[in-house]
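Protein chains in written order, with my numbering: chain V, 1 to 639; chain S, 640 to 744; chain Y, 745 to 1245.
Keep in mind that the hints were calculated from the coordinates and are not lab data. All values reported here derive from a predicted model rather than from experimental measurement. Incorrect hints may appear among the rest.
Quick list of in silico lysine-lysine cross-link-like pairs, BS3-like style, CA-CA up to 25 Å [as the list claims (entries may be wrong)]:
#1 V:Lys537 - V:Lys550
#2 V:Lys27 - Y:Lys1115
#3 Y:Lys1238 - V:Lys82
#4 V:Lys121 - Y:Lys903
#5 V:Lys571 - Y:Lys1045
#6 Y:Lys1045 - Y:Lys903
#7 V:Lys170 - Y:Lys1115
#8 V:Lys29 - Y:Lys1115
#9 V:Lys27 - Y:Lys1204
#10 V:Lys576 - Y:Lys1045
#11 V:Lys170 - Y:Lys1045
#12 Y:Lys1115 - V:Lys118
#13 V:Lys554 - V:Lys54
#14 V:Lys31 - Y:Lys1045
Spelled out from the first residue to the last, the chains are:
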Amino acid sequence: MINLGYTIWIPLLPFLMFLLLGLAGHKLKHKLSGLLGTGGLAIITVLSYITAYKYFFTSEKIDGAYQKITAFNITWLQFTDKLHIDLGVLLDPISVMMLIVITTVSFMVHIYSLGYMKGEKGFERYFAFLSLFSFSMLGLVLATNIFQMYIFWELVGVSSYLLIGFYYQKPSAVSASKKAFIVTRFADLGFLIGILLLSFNTKTFDFITLTDPTGTAIAQGSGIVFMGLSVMTWSMIFVFMGGIGKSAMFPFHIWLPDAMEGPTPVSALIHAATMVVAGVYLIARMFPIYTFSAPVALEVVAYVGAFSSLFAAIIACTQTDIKRVLAYSTISQIGYMLLALGVSGYGGYEGLGYMASMFHLFAHAMFKALLFLGAGAIIHAVHSNYMTDMGGLRKYLPVTHMTFLIACLTIAGIPPLSGFFSKDEILAAALHSNKLLFAVEYAVAGLTAFYMFRIYFSIFWGKETQYHETPHEAPPTMTIPLIVLAIGSALSGLIPFNELVTSDGKAFESEIELLVAIPSVLIGLLGIGIAYVMYRKETTIPEKLAATFKYSYKWAYNKFYMDELYLFVTKKIIFKHISEPVAWFDRHIVDGTMNAIAYVTQSVSFRIRGLQSGQLQKYAYVFFTGAILLAILFIYLWK
Amino acid sequence: MNAGIPIQYFLILAAIMFFTGIYGFLTRRNLITILMSVELILNSVNINFLAFNRYLYPHKLDGMFFSLFIIAVAAAEAAVAISIIINIYRRFTTINVEDVDEMKY
Amino acid sequence: MDILTQFVVIPLLTITGIILVKDTRQVKMVSAIGMGLQLIMAGILLFLYVSARRAGNSAEMLFVKDIVWFKSLNIHYTVGVDGISVAMICLTSLVVFAGIFASWEVDFLRKEFFVSLILLATGVFGFFISIDLFTMFLFYELAVIPMYLLIGIWGSGPKEYAAMKLTLMLMGASALILVGILGIYFNSAPAGGQLTFNILDISKVKIPMSAQYLFFPLTFVGFGVLGALFPFHTWSPDGHSSAPTAVSMLHAGVLMKLGGYGAFRVAIFLMPEAVKELSWIFIILTSVSVIYGAFGAIVQKDLKYINAYSSVSHCGLVLFAILMLNQTAMTGAIIQMISHGLMTALFFALIGMIYGRTHTRMINEMGGLMKVIPFLSVCYVIAGLASLGLPGFSGFVAEMTIFVGAFQHPEIFYRVVTVIAASSIVITAVYILRVVAILLLGPATNEHFDHFTDAKWFEKVSVITLICFIALIGLAPFWLSSMIGSSLQPIMNKILALNPF
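Let's have the full structure, built from the sequences with the hints guiding it.
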């Protein structure tokens, strides 16, 4: 047994940094607070790499499988004898892989931010929030039990809220942050209900107990059937609802494009590489339950993933704000990962989808962070988010151009870059289990290549735009992370995921299936080719196409009116038809009843107060009459 | 000793005094007259006390004591009442009860 | 003198001190010192309690002191505490302490103000330490009366109306409670013998079912009115919005907890059989409170109304959880009382401070305060996040304990209702973020606000004290949870022995 107790410092250090920067940040110099935040992250990045090395190469395998190691665990809150929230560190292949992803991307984003955010007001606040996010995200992936995951799930939500709303004086940023929080919160309610159902049936929160394929917990509750599905299936569907929200899958995807109001490095870190894949991670973490006890829920996962990836890819083809295109692309790629999980089985080659999903998650984190950071460098240079304001930038931004191109080729799945391998394995897994889903994903692969090269050509080639001031390349603090990530996304395809990160921890053989690989490369090239024709030079083809498919273009351009639908539900139904009537009812009916009681009392007393005339003799008269009446009563009538 | 006058005589006298007092109390507007009426009522009660004491419990003195108390209290009451009346006169420059109805509502 | 009686004596001495000092500036110093002392005493009490429990003292109530003061009716001055009352006492002393600093700038009739405020606190402390029903009721009344003066004299807006409404509704409630208590008293010895008001003695006998059916609803509704049980919550929005800052803090923070605590100690503890039979009615009412309060808060425009409705929602959760008759849910209810007490006190303190600067509480008349008064705004955001149940603050601990506990109920009805109540966390997020977005974020709308000064030292004392404890409970809940849980054990044993599920 190797000693991994120090891993508790991996999440703890950013937390301490958050407290330091949050409480004393405004007294520090900007540079110092930035360096403190980045330095803290550098340390945990090193620690994470050491941990990964120790875990993958020196830890003891039992039966050829990587073991789940609880490196640290304390009871945080005791509910009942069996149910208690623990805080701890669980190391297994996926959490260690996520450690690498999070710390690497986060470290790059920290360095990048030193340049990107230079001179911004609230610099130290920014770094405090980034540290808070890193803490929460690391706590999430290292969770030993589902409730710990829920805690950090909420915390990443709030750090996302704080960072989206970083420019708090901008109304659009404020409403975007609010929207992100509330939409994900609604989804988290589902997660909570799922946890409650799960814990009611299995009487445990602990991941190791829950996901043990041979354990007793996994078989609980399958006998109780509600509306044709077992309780376990329902609870897993509810849990997945949390994942839908966080990973911005349809129909909770609407917050993600708006979340681009935040600073661009934040979009790269939170809304592309790490937080939004929490949903995928969640399913992967509970995967044995899904396969063994809730296969229907797993199908739901696959279909939600497939639909979202198609849906988002179509929208991405029509948007002009480059960050929004990237946001829809993120939704689409996460859909891929969920689909891969959804079609996967457990153990050996059956678990190809699982492995492919994790592989794609890793590769996607690298190239999507790169794309966003590249977009940030572009926006930094031209001060606009819209690709209509850009064109011919390859001359001004050579480094950004090259790295952006690598990222685009990676996402398009061109060999030998990492996207090719991961996407190929996903398609292979889909082909083996569900032809319909395979067809959808195959089409999405083409669309992906098309929209990515659409923005690539529009930004770096296309028309020769005249700029007010000549765009210049970003400072080295920004370009170095770009280069590092470009290397990462190009080479991470060489990592042998099939030996390291698999559904049951055991290595299995997998190789490129030419039957899948060749067509997928071809459709990628086709997408690139179409984009080349349409956007390499300024042409009228896009307008003509848009005019031909007028209605479908309009629907896609307006994101299928999902935002309007949400606005209708919130403003018209919740505000107007629930809350206002409730408030009215409260003021007028409930409170009105109370006031009416008071009013009746008061008016009755107004009526009878005339008796109190102040005339002494009247009182005496009444008194005397009463006395006589009483006397008569007692003498004659009382028997 | 008491062969001469039956108790009814005392009681009738007391009743007449009592109702005269009540009548005066209810109809007079002058506070001094009202006070006098109250004295009449009290004295009618005194007569009743003494008469019952004498006729029903001739060997006890409770009725006597009560009468004495009432006389003493009546004297004190008259003193208080007259001082109140004087104050009312100073405040309202009248001792007509109908004009003194501040204590309403 | 025993330690518990000091919780009544210190405030009374403070009041005497306030009356004796000549200079009105010394008044607030005396109050602050007195209540600071009280806070220290609360700390000492907590320490003594924990160490006594560690030493293995497993009596139901500790530090019991019993003095007969009305022999013919067997009324005693009996005090004693378990973990729950200790927690409530700590909460009260914290809120009162913060309240003194929040009302540092009251000028009008300052002496009288502080006297009434501390008199109110005396009543609350007395209520929490009493284990004699009659004495408890006496302290309850003592807490309600000064409220009338505090709102009626130092309030704002339609203060006479609000004060009258609040006092009348609470008095109506205390009539119900009185009848309930007397009903319990006359049934406290069904086998014959001395009738008693002592809670511990009554809990050992079974009150006849016919009496329970009558008196459980009376006491529960009576205390429920104070705990803002739908539909008897309407005093809360008006009362809170008219009350001065410290009074709102004390009222929402502590006085509303008398309702939950009383319902728990009297209605649930003494008559568990009736609870089991009748709880479904009140479960429905309380879940209506939870959801309805939250929806009501969404469209309000006055900051204090928003908080008042939010309190209805959160306090509804307290009553909801104690009706579940389940140790985890009840632990959650007690934590929720403490957590809501601290959070809402913080909210009202901040609202008072914002109002003191902007002279308006209408959110649409303000905007962009984050830029002008960053300290207060950040604290407001923290209070908001705590209120919507963010992990790391006390609200999360309380709500999750309630939901997990309530969901362990074996009957499906209760679990469904739990899910409905749980959905309030989303609605809470909506109204909290709405206020934060309109009030604090966005561009600064009013140039008159530009010259505002940020928090003064006494405001910082008040706010930071509360935030620290909210975070403390949120980060390290185990000690509080286990203290309350172990105190609930005898109560639960009794309930379980009487009605095994």
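So, going through the hints one by one against the coordinates:
{"no.": "1", "hint": "V:Lys537 - V:Lys550", "result": "holds (23 Å)"}
{"no.": "2", "hint": "V:Lys27 - Y:Lys1115", "result": "holds (17 Å)"}
{"no.": "3", "hint": "Y:Lys1238 - V:Lys82", "result": "holds (22 Å)"}
{"no.": "4", "hint": "V:Lys121 - Y:Lys903", "result": "violated (43 Å)"}
{"no.": "5", "hint": "V:Lys571 - Y:Lys1045", "result": "holds (16 Å)"}
{"no.": "6", "hint": "Y:Lys1045 - Y:Lys903", "result": "holds (19 Å)"}
{"no.": "7", "hint": "V:Lys170 - Y:Lys1115", "result": "holds (12 Å)"}
{"no.": "8", "hint": "V:Lys29 - Y:Lys1115", "result": "holds (20 Å)"}
{"no.": "9", "hint": "V:Lys27 - Y:Lys1204", "result": "holds (18 Å)"}
{"no.": "10", "hint": "V:Lys576 - Y:Lys1045", "result": "holds (15 Å)"}
{"no.": "11", "hint": "V:Lys170 - Y:Lys1045", "result": "holds (22 Å)"}
{"no.": "12", "hint": "Y:Lys1115 - V:Lys118", "result": "holds (20 Å)"}
{"no.": "13", "hint": "V:Lys554 - V:Lys54", "result": "violated (53 Å)"}
{"no.": "14", "hint": "V:Lys31 - Y:Lys1045", "result": "violated (42 Å)"}
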